[in-house]
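So you can see what is in the structure, the chains are spelled out below.
Protein chains: 4
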Amino acid sequence: MSDIPLKPTYGQYLELDRILSSQHPVSDATGKPAHDELLFIIIHQAYELWFKQIIHDLGSVLDMFDRNFVDERNIGIAVSRLHRIVEIEKLMIEQIKVLETMTPLDFLDFRNLLTGASGFQSMQFRIVENRLGLRPDQRLKYAQRDYHAEYSSRERETVLATEQGPSLFDVIERWLERTPFLATSSFNFVDAYLKAFGRMVATQRAELDALSGLTDEEKSVRRKMSEHTEAYVRSILDERSYNELREKGAVRLSWRAYLAALFINLYRDQPILHLPFQLLSVVLEIDEYLNLWRYRHSLMVLRMIGARMGTGGSSGHDYLKQTVEQHRIFSDLFNLSTLLIPRSELPELPAELARDLGFCFTFRA
Amino acid sequence: MSDIPLKPTYGQYLELDRILSSQHPVSDATGKPAHDELLFIIIHQAYELWFKQIIHDLGSVLDMFDRNFVDERNIGIAVSRLHRIVEIEKLMIEQIKVLETMTPLDFLDFRNLLTGASGFQSMQFRIVENRLGLRPDQRLKYAQRDYHAEYSSRERETVLATEQGPSLFDVIERWLERTPFLATSSFNFVDAYLKAFGRMVATQRAELDALSGLTDEEKSVRRKMSEHTEAYVRSILDERSYNELREKGAVRLSWRAYLAALFINLYRDQPILHLPFQLLSVVLEIDEYLNLWRYRHSLMVLRMIGARMGTGGSSGHDYLKQTVEQHRIFSDLFNLSTLLIPRSELPELPAELARDLGFCFTFRA
Amino acid sequence: MSDIPLKPTYGQYLELDRILSSQHPVSDATGKPAHDELLFIIIHQAYELWFKQIIHDLGSVLDMFDRNFVDERNIGIAVSRLHRIVEIEKLMIEQIKVLETMTPLDFLDFRNLLTGASGFQSMQFRIVENRLGLRPDQRLKYAQRDYHAEYSSRERETVLATEQGPSLFDVIERWLERTPFLATSSFNFVDAYLKAFGRMVATQRAELDALSGLTDEEKSVRRKMSEHTEAYVRSILDERSYNELREKGAVRLSWRAYLAALFINLYRDQPILHLPFQLLSVVLEIDEYLNLWRYRHSLMVLRMIGARMGTGGSSGHDYLKQTVEQHRIFSDLFNLSTLLIPRSELPELPAELARDLGFCFTFRA
Amino acid sequence: MSDIPLKPTYGQYLELDRILSSQHPVSDATGKPAHDELLFIIIHQAYELWFKQIIHDLGSVLDMFDRNFVDERNIGIAVSRLHRIVEIEKLMIEQIKVLETMTPLDFLDFRNLLTGASGFQSMQFRIVENRLGLRPDQRLKYAQRDYHAEYSSRERETVLATEQGPSLFDVIERWLERTPFLATSSFNFVDAYLKAFGRMVATQRAELDALSGLTDEEKSVRRKMSEHTEAYVRSILDERSYNELREKGAVRLSWRAYLAALFINLYRDQPILHLPFQLLSVVLEIDEYLNLWRYRHSLMVLRMIGARMGTGGSSGHDYLKQTVEQHRIFSDLFNLSTLLIPRSELPELPAELARDLGFCFTFRA
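Read top to bottom, the protein sequences are chains A, B, C and D.
Here this note's numbering is used: position 136 in the first sequence is 136, and no number is missing along the way.
Every position in the second sequence, counted from 1, becomes a number in this note's numbering once 1000 is added.
Every position in the third sequence, counted from 1, becomes a number in this note's numbering once 2000 is added.
Every position in the fourth sequence, counted from 1, becomes a number in this note's numbering once 3000 is added.
Think of the hints as simulated: they come from the structure by calculation, not from any bench.
One thing to keep in mind: the hints can contain errors.
Residues on chain C that point at chain A, a partial pick, calculated with CB under 7 Å [what the hints assert, rightly or not]:
#1 Thr2009
#2 Tyr2013
#3 Leu2020
#4 Arg2084
#5 Glu2087
#6 Ser2152
#7 Ser2153
#8 Glu2157
It should be emphasised that the depicted structure is a prediction, and the values quoted were computed from it without experimental measurement.
C-beta atoms are modelled at their ideal positions from N, C-alpha and C, and glycine is treated no differently.
Using the sequences and the hints given, assemble the complete structure.
Shown next as structure tokens:
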């Protein structure tokens, strides 16, 4: 008896008696079973299973980082687990192709029976958003209602707790803030960067002036674009103006965290920065693929129900389309590209810092 | 000698001497070769090869349809060839993942050398858009300039010719207009549809009123949505109000074509409507995947160059993001879903029409 | 109260309380929870959900066909549902990428706890195989044991019932056997085909003889290959020698069904053969993607556990690799390509047959 | 004038005049143009472009490693570039779906015109195989002929040079051989591993004996499998018996390299081993996806031409299917999984070695 939990069969281990008996199409009860309703149930159950896995992996990463001391070993593990989330997101996007084998007319066979149910009610999806770092005030409301309005009080409590953090955004920001290197006795990153940036801009302007084949007007347009970019970059590198941008919501990371992210992106060829760079990259990918999923989802809803109300009474497509942009979390990491400067123009690191950034132990006999 | 053109070797057949010697990174000439520039060249060349294939398949379909008489055999072939375009679009989307293995910093190693070149200049892509049916007045301008401003006069002529049509939109519209069935001596589709639609709406309202568990306010919101949808549907089914919508740009197909598309979508289970339904579906998929590609592309550009100017001096992300929605061509087919009614509510076809819609020859001994 | 089953919330509808509480990693009980075990459970649950959907769609198609009279309308529906199975198979293949984010070492953290459970025990997968048409005697045994040896008697009964058919293979074969057209008063398909085939071979031989640039030995090799193909084709077209091949297991379809499949493939441009051709194509795709999934799965197992025993005590990779080829079901449809002849060489259909194969009702005003 | 090479337009930069004018279907010359031949040409041209990119990325990695001293910075770059090859391989697999939109009958419209051309002739693909490390004696011959029999003498020279190496296999082997850590004054990896392995096996046997629910015969089968695995593992860990296996071709890496690969796999959680582990993983992935491509390709050829001769007179499917297994290069890395032991059983590293394997500089203030 006590043997069973340790050596279960395949079916017992996967609890298939429960998993495979949890599909009850409501159209069956009406006497007009809609063949495709099972697909609709199963695909959403599969999504919810994947959400559970995302929450599991994400939670483990938050636990690791939510301590004052991040064991370096953990960064590698964190990268792997976050990378898994990206792979799950890619699968979620592919999964839409299966749903699209149901045509709008097939959906209509049972759609009106589901007026009480809507994907907006998915508690796990809200938890994923919260734990990634979606800010409550950033969240698009549907029909002026809080997203948790329909939850039971126990559910509401569970979901709201995840609004309190820590989120992936929070822990990444704190971890970035602890990055050393940004200023040592012999090196000030901000100064060095601005000098290099200034040189680069000057060269580009000179090249532009020398360029034949453009009209004066065209050159003037390009010069204005260049000046606009320069002003933006300089305002980012200045703590006071950065904080003004931040108050307006144009940036979200703290200044120190932003600078660290920039530093890591610029000097990512340094061995010790490989993993930190991978970490920032995978975080950005999570955001990008969630974004793609939202967009793909909104297109599918448009195709499936047109401008009609969604199940649950919502006009789904518009809501979904708006969340695509508005629910983005790591915009700062996307925008960072604006501040990059070519390797050939990078300020050189002082010798002792470069040494610290190499492995102290080289990988050879 | 005369044998060679007919029995070429693999390399001769594919003209690999030309294909594989047409990559000349400009960074090589600067003395600082950028490793990733080859990828940038090759991926764009691959895109252009696929554009050529799309133009070839699309062109053959336009030729078939651009006659007063469409041989029924051709519809099957058209569906296959348009389906191939969908598969190519899916590949184009996957291809972005390869480009994303180049990081923004790697791109910077050669980006400034490319200020004269921009994807906006792709002539073949413009031709694809035109032949699908993008209207010249619908096209988003970049920096107030015509998209063909930089073309040579010969190129401009080639591209502008494709603006004259016929486009896929044109031929699909004309083919739809020729659909029979919409009115026979004993059947008027518009009347039958509106009767069925009215019954469906009445039932839904009654159900809504009887629904417990909703507040009065919530019921009122839903009723308004329902009324809104009803008004929209009725304005579509009325030729005069439809044409007013059409003048405002809210719909694009002619009224008759729109009705035919609706009829085909509703009665697609009829054997003779299988292929017509597949044709409408694949046209819609072409639009959907082009849309996805545009969106994916805009995200990639954001990640790659941030808010900076694109190659060619454009601020690419914003432009691309706007084209995602604005350059959609077959919106009418997407919106059709709003007008569908469940099979169980479909007006029955009169016997003689149903017989015509079956195969006269049944597929059995 | 009675309202609930009809207007359930999202969570009620999807029975999420059961679905999301059915994951109990055995490593948790050991006091050394293995982080990745949840993934292992969830991915297999997702597979089982998809198997359930495949069984649902497949079953509905078998029901349609398992009558003496197949309503032509159903062929379109059958094609759609079988196409959905293909899309699910593609997803199943993509899903492997998620499992591969678990490394072999991570798997070892809990692998030894699962010695009683093995994917070989999946009842639903066996049902899928049986209902597609895997013959009991074709099935590879693992360790000399029947695949259902470990099932409970109730389970065994359920699975063995699906061995009795009808399977997709059976119904497709019977449907093909009912194809008309193969012989009318004025047309004998076998004769017409063999004449055309003979002409094609004669031309090819003459071209080969005239070819410069090949040595005599090379020509002789090619001639032998051509003769070999010819002998094969002729033995297929002869009922007696076909049946000898069939007894040896080299072909599986009945002769009449094989001929019908060939006819449909050759004359698929005829409007009335469009859907039948799509049906044969999608059946073949189901087999192809199942095959790919098996292969991908076997590679993944190799990477994950090497030559070790699988969970459940099996040496998984070898077994899986062998099933890839041995469990193929519709080989006949793959091999059909050998018998195709170019459109330009196709025997012309007599006028009255061609007319029957066109729609009697042409799709235009 | 001199401005042009530096500021080319899009079309000039991509040399589109050459790229887009290099498609000349041979069926056009026969007066019976086959619509799908353009697809056949373009898809193969796209493959060749991607082969060029693979050769470029692979070459740069070989250059980096082909020095006695591997700069640690390069490992990160090598991982990125090899990862790009994996992404290209995935795309190559997707690309097959586009080719499959051409049916066997469509292919027949021009297949006979291509008897001189065959994919076997692709020079670049042979170079890819050689540079990955396919051994000349491992290569499957087709029709007893050397693969380069049909090359011009200049081509043959180019290809054969890549047989001389260095290949990816060679440089990875040499790099592994230089791994330190395997033996220090206080730690002998082989001894420590064998002790841990012995303990693990003893525990498993005891568990097996105590297991209720298995018959004696079943236990005996499992014990034999376990003994078999143990004998295999012990023969691998012994230099003399390993070298005997190697002479028989059962393993390929040198013993020292094999041990290093095992060490890296077991201790990959150590920060300094993260990148080395990623390197081994990506190398294995390159092999796995090439394998998948070969398999997918062989299936597609089966479907397209059945058992007929391929273009170029070969019976393609059989040849391709055999290469799937026989042309695998990094089998040793796949088989390594057999030797892994769970983290909980891993021999602990002596303190000073563990310290060396951590970063000397921890990533926090």
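Broken hints, numbered, in rising order? 6, 7 and 8
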